[in-house]
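Student: Line order of the protein sequences matches chains D and S.
Take the first sequence: its position 77, counting from 1, is numbered 77 in this note's numbering, and each next residue is one higher.
Take the second sequence: its position 230, counting from 1, is numbered 230 in this note's numbering, and each next residue is one higher.
It should be emphasised that the hints constitute simulated quantities derived from the structure, not laboratory data.
Keep in mind that the hints are not guaranteed to be accurate.
What the hints assert, rightly or not - Restraint-style ranges between C-beta atoms, simulated for each label pair:
#	chain 1	residue 1	chain 2	residue 2	range
1	D	43	S	359	49 to 55 Å
2	S	97	D	43	35 to 41 Å
3	S	115	D	24	36 to 42 Å
4	D	127	S	186	50 to 56 Å
5	D	6	S	129	18 to 24 Å
6	D	15	S	2	39 to 45 Å
7	S	17	D	143	46 to 52 Å
8	S	2	D	45	51 to 57 Å
9	S	315	D	132	52 to 58 Å
10	S	100	D	132	35 to 41 Å
11	S	276	D	58	31 to 37 Å
12	S	80	D	7	41 to 47 Å
13	D	133	S	163	47 to 53 Å
To be verified - Sample of chain S residues facing chain D (criterion: CB under 7 Å; computed from the structure):
#	residue
14	31
15	142
16	152
17	153
18	199
19	201
20	248
21	250
22	255
Glycine included, every Cβ here is placed at the ideal spot set by N, Cα and C.
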Amino acid sequence: MTRVLGDGWALPALDHSTTAFFTSGKLVIQQCSKCAQFQHPPEGVCHSCQSFELQHFESAGAGKVESVAVVHHPVNPGLADHVPYAVLVVSVDDAPGVLVIGNGVGKAPDEFRIGDPVRVVMEEVDDPKSGQRLTIPQWEAAG
Amino acid sequence: MDRKSAVTGIGESAYYKYGDSPHTEFQLACIAIMAAAEDAGIALSEIDGFISYSDTRNGPTRLAAALGIENLRWAATTGSGGNSVAAAMMLADAAVTAGYAENVVVFRALCQGQFGRFGQAGGAGGTMSGLLAFNGPYGLLTPAQQCALHTARFMHDHGISQEALCDIAMACYANAQNNPRALKYGKPLTREQYHASRWIVTPYHLFDCCPENDGAAAVIVSSAARAKDGPKSPAWIVGAAQGIGPQFGTYAPDNLASSFYGQVAENLWGYTGLGPTDMDVVQFYENFTGAVMIAMCDMGFAPPDGIEEFVSGGALVGADAKLPFNTSGGNLAEAYIHGMQMVNESVRQIRGESTCQVSNVEHALMVGGPGYAPGSAIVFGAST
Numbered sequence: 001m002t003r004v005l006g007d008g009w010a011l012p013a014l015d016h017s018t019t020a021f022f023t024s025g026k027l028v029i030q031q032c033s034k035c036a037q038f039q040h041p042p043e044g045v046c047h048s049c050q051s052f053e054l055q056h057f058e059s060a061g062a063g064k065v066e067s068v069a070v071v072h073h074p075v076n077p078g079l080a081d082h083v084p085y086a087v088l089v090v091s092v093d094d095a096p097g098v099l100v101i102g103n104g105v106g107k108a109p110d111e112f113r114i115g116d117p118v119r120v121v122m123e124e125v126d127d128p129k130s131g132q133r134l135t136i137p138q139w140e141a142a143g
Numbered sequence: 001m002d003r004k005s006a007v008t009g010i011g012e013s014a015y016y017k018y019g020d021s022p023h024t025e026f027q028l029a030c031i032a033i034m035a036a037a038e039d040a041g042i043a044l045s046e047i048d049g050f051i052s053y054s055d056t057r058n059g060p061t062r063l064a065a066a067l068g069i070e071n072l073r074w075a076a077t078t079g080s081g082g083n084s085v086a087a088a089m090m091l092a093d094a095a096v097t098a099g100y101a102e103n104v105v106v107f108r109a110l111c112q113g114q115f116g117r118f119g120q121a122g123g124a125g126g127t128m129s130g131l132l133a134f135n136g137p138y139g140l141l142t143p144a145q146q147c148a149l150h151t152a153r154f155m156h157d158h159g160i161s162q163e164a165l166c167d168i169a170m171a172c173y174a175n176a177q178n179n180p181r182a183l184k185y186g187k188p189l190t191r192e193q194y195h196a197s198r199w200i201v202t203p204y205h206l207f208d209c210c211p212e213n214d215g216a217a218a219v220i221v222s223s224a225a226r227a228k229d230g231p232k233s234p235a236w237i238v239g240a241a242q243g244i245g246p247q248f249g250t251y252a253p254d255n256l257a258s259s260f261y262g263q264v265a266e267n268l269w270g271y272t273g274l275g276p277t278d279m280d281v282v283q284f285y286e287n288f289t290g291a292v293m294i295a296m297c298d299m300g301f302a303p304p305d306g307i308e309e310f311v312s313g314g315a316l317v318g319a320d321a322k323l324p325f326n327t328s329g330g331n332l333a334e335a336y337i338h339g340m341q342m343v344n345e346s347v348r349q350i351r352g353e354s355t356c357q358v359s360n361v362e363h364a365l366m367v368g369g370p371g372y373a374p375g376s377a378i379v380f381g382a383s384t
């Protein structure tokens, strides 16, 4: 799919914290190897047991809308042709205790509601600098 | 009681719409500080500390040179934004109470015409790092958008309608109609104008969001000995507090419908031994009306399920309001000096100098910007 906010819109810098989330082609959530706690965004230490041993959990990609805001004012000129758009806070069914941010896709921005079931879909875009393929998790209505 | 520090002087520049200031930001800072020193009845050379928040563009060494400070003993800037207004006051209180300094300036100066909007979003076409890497690619860029997500969830959970946000905005505008310093003086806001204004990000209309202004405000925090000698009635610092949650941000799974002021309330009321019903007048930093609504609940003024009724029917309007609130017009309607002007207004209420003066003020509360951490709040008192 093409990008919700346009193919020229800013991309995440790929580093030790972001690469798994934005290049795996799946919804990937950090999980503590010691106590199995999930956390997002990734961090260098487990927020629950303070272990430094952290791994990646591959989620099935089902979630629920916990909050939604529809952005009407383009705060950057690069977004002027892409408003309104929906920003969702999504809880992940098989990774309890984490929330992720994404855009609502596949229907009008003002049609997403708190409590709606959603499933992940991937925006694919090549990083113009590195040439690396990014897969950016987004959310569409489910069920 | 045995108070150790007090605000002895307040000052401000004239307030301007974005880009209209005839002065640079540094000049605005100097204007406000010189006015505060005059109000406190001290020479500029007697100032021995500078504290600000958010950024260091008008740093203490530059100010010390420009204002002829002879012995700068205390300089600090908190790292975060409007949430730390009262934290900056707390630093001044700590310095004076410990005896490290005697006359500490706390100030905020901004010239957005010169430096751009506070919290402005970054550019397109680049890459985003850190926490922004997980938000920016989705167009989640600004404080308004982040606070909107918290407000939307709060409204959903507690059955709050848009009218509650409208009532908060209208109260600020109504109170500004008494205040000739206010940029919205002579420009009242009607319910119809509110609802007709454009959406910025749901659930925030234009009138739910702080404007862009230029100006400066400053206070002098002095030792008790100095305060008792000053020309004006001291506004004693009863206590201040910071707090971060519990849990903070749009990734806080159990605390999404929050302004993150629960710990601030617990710490402030615990430290002072006071509570919401002891406050005669309150100033809440409005970055956004919805965030203030949640902060009122977090601070204990109303239960979440009752907040819409609590703010309705003009309950926040005027000096004899059920809860006298943002009596100078606040960030929305006096001027957006990042809440520092609300410290000045709290001092005016203690002195009896407000343009919307509440009678017999013993305690005045100022609450910093909601939705960000560490949040902060401060209580001023009329009595030692």
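Student: When the hints from earlier in the document are held up against this structure, which numbers fail?
Tutor: 6, 8, 10, 11, 12, 14, 20, 22
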